[in-house]
Amino acid sequence: MIADLLTRLETEKDRWIEFALNQYVMSLLPPNGKTNTVDQILIGVFGPERFDKTSFILRLLGTGDRESDCLAQVLTANEFNFSFIYKWSADDCFHLVYPDQTRAACKNVKELETELQALRKQIEFWLVTYDQPIIVELSRKYLSSRLLTDKREKLSIMNFPGEPDARLLSEYMPLCSTCLVAESAPELDGQLSEAGHWLPDTGDYYIVLTQSLQTDPVQKAVGSGEITSLEELREFYLRNGVESVHPIFPLDFGRNVVTVSPNAPVWMDALFLELLEEVTGTKSPETRMLEVKSRMRGFVRTKDLQLETLEKKLQELQENLIACEQSCRQSEDDAAQLFGQVELCEAELTSLKEIEIEKFVASSNEAKGLAPFKERKISRLKESFKQQETSMLDFYEEQAARVSILLKEILQDEFSLRAFDTNPPIGRLALKHGKGLDQYLNQGNFEEDASIVRETLERNNETIFSYYTRQLDDYKEKGEKRLQEQLKVKEEKYEEAVKRGRETQEQQEQYKHKILEAEEQLAEARSVYHHCLESIHNLDDLLKEEFAKAAASLQEMMLAENASDIERWACHNYSQRMLKQAERMMKNDYF
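Heads up: the sequence shown runs through residues 155 to 745, numbered per our numbering.
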């Protein structure tokens, strides 16, 4: 009687734990379609993308050897690194379910191949991108194994691509009840260590050696008789560097299995059935509840790290944006300053070209022979010549001083105010009739000497003008060359500053766009993270509620008038056991 009562109580406990678990999974897990009901089995397969890996997945689902080879050829070519989730269809057609919930139905393998080829072309030309897995529902015609008859509706297998991104692994790996690591024997340093970064701390996973009979050491051991049984095959790997606390299944789906050993197919079938039973085995509701909580805590830890990474990324982007804005402002200031320097340099070039020496204009009535008789004297002509010559020299010295100041303003340190030579060569006055009496008695002699004075002044004026003009032209040529060099340098610097400004503006826009994306990712990650925290808390609340209902039911049984002492004793002891279970399942000691 007591045994029957305890059995009934245990059944009731499993029932309400199962109810709480289903209620939790159906309503509180992240609403992104990754898992639907708690009794579904999601298996992840991690490893390089190869034919034997796809064939293994199809056999694990329940296809026959011939069918799995045909389908594997179509499904393996995945050079674009997106992920598939395989499950059985409800009808005889193949179905592709895309992340946006659009579907494509294929009546046969040929249509499936055509659809996948079109998909790969779209991805190749960046017409579409998928950061979530694509569901492949297999036609029921290919279900040949009867081993999974009772589990085929519940089983889904996710094929992680050869180089999946961190987001795919962090979101989907914790939801897999089992993860199979496909690895070529006997080295396990590659895929296993890579997968280990993403597996939950307490998650179960198995190591599947997908080419266990293909390596030379194994073939030599089989040929020499060292390996004659399944146990010896497994022991061979354990002795040859495969160190792992997790179960190892040295499977092989190669076409030359029989050539290695006549017993090889038997070994492979036995290992496959053992693995199949392990990964699809039924667990108690309590164990599954603890596993769900463990996976969710692992999921929360992953999301916590993801949040931290996204926050650091956002902070870094914001700091980069501030630095970019400062650089942009600096580039604009530099460009404006350099543009002003270019304009100034161009203005200086224009001013330099406009600098000229004015020519002296002489005037002498005596030189023209218009003076009255009493003024027609040799001394008078000489005095007039001397005055005109002095005025001419003073005029050109003033011109030299004037243009020196202008050149100094433009050329600055490149020019000295005393740069002009002010000692021009001038011709002496030589009168033809300037001997004897001071008075000209002959009008013609006076006019002839006056003409000599005029010609001498004009000749000296041309000489002095050319003298100063040559110096000025030389200084202008050198200054113009110097200014042209400066202008070229300033224009190049200005163009560089403008280009740098455009680049920093483009970079600034890129940072703003990246910040918006990072903020959206962070907001989404925070939402999922807080939802997960609430889910774990709500799971505990559900458990407490169900435990309270169960305790109330036990209390009613204990206080029932027709209850026997044995039943009261059993209910009391079982209620104490339930409290311990509650403490373990909710990880607290105060329930």
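A portion of the hints provided could be inaccurate.
Unchecked claim - Label-pair distances were calculated between CB atoms; the ranges are:
# : residue 1 : residue 2 : range
1 : Ala258    : Arg731    : 48 to 58 Å
2 : Glu432    : Ala259    : 48 to 58 Å
3 : Val515    : Asn599    : 25 to 35 Å
4 : Glu510    : Asn599    : 24 to 34 Å
5 : Asp285    : Gly218    : 29 to 39 Å
Hints listed in this document are in silico derivations from the structure and should not be mistaken for laboratory results.
Glycine included, C-beta positions come from ideal geometry on N, C-alpha and C.
A quick look at each hint next to the structure:
| no. | hint | in the structure |
| --- | --- | --- |
| 1 | Ala258 - Arg731: 48 to 58 Å | 53 Å, holds |
| 2 | Glu432 - Ala259: 48 to 58 Å | 34 Å, violated |
| 3 | Val515 - Asn599: 25 to 35 Å | 27 Å, holds |
| 4 | Glu510 - Asn599: 24 to 34 Å | 40 Å, violated |
| 5 | Asp285 - Gly218: 29 to 39 Å | 34 Å, holds |
Taken one by one, the earlier hints fail for this structure at numbers 2 and 4, listed in ascending order.
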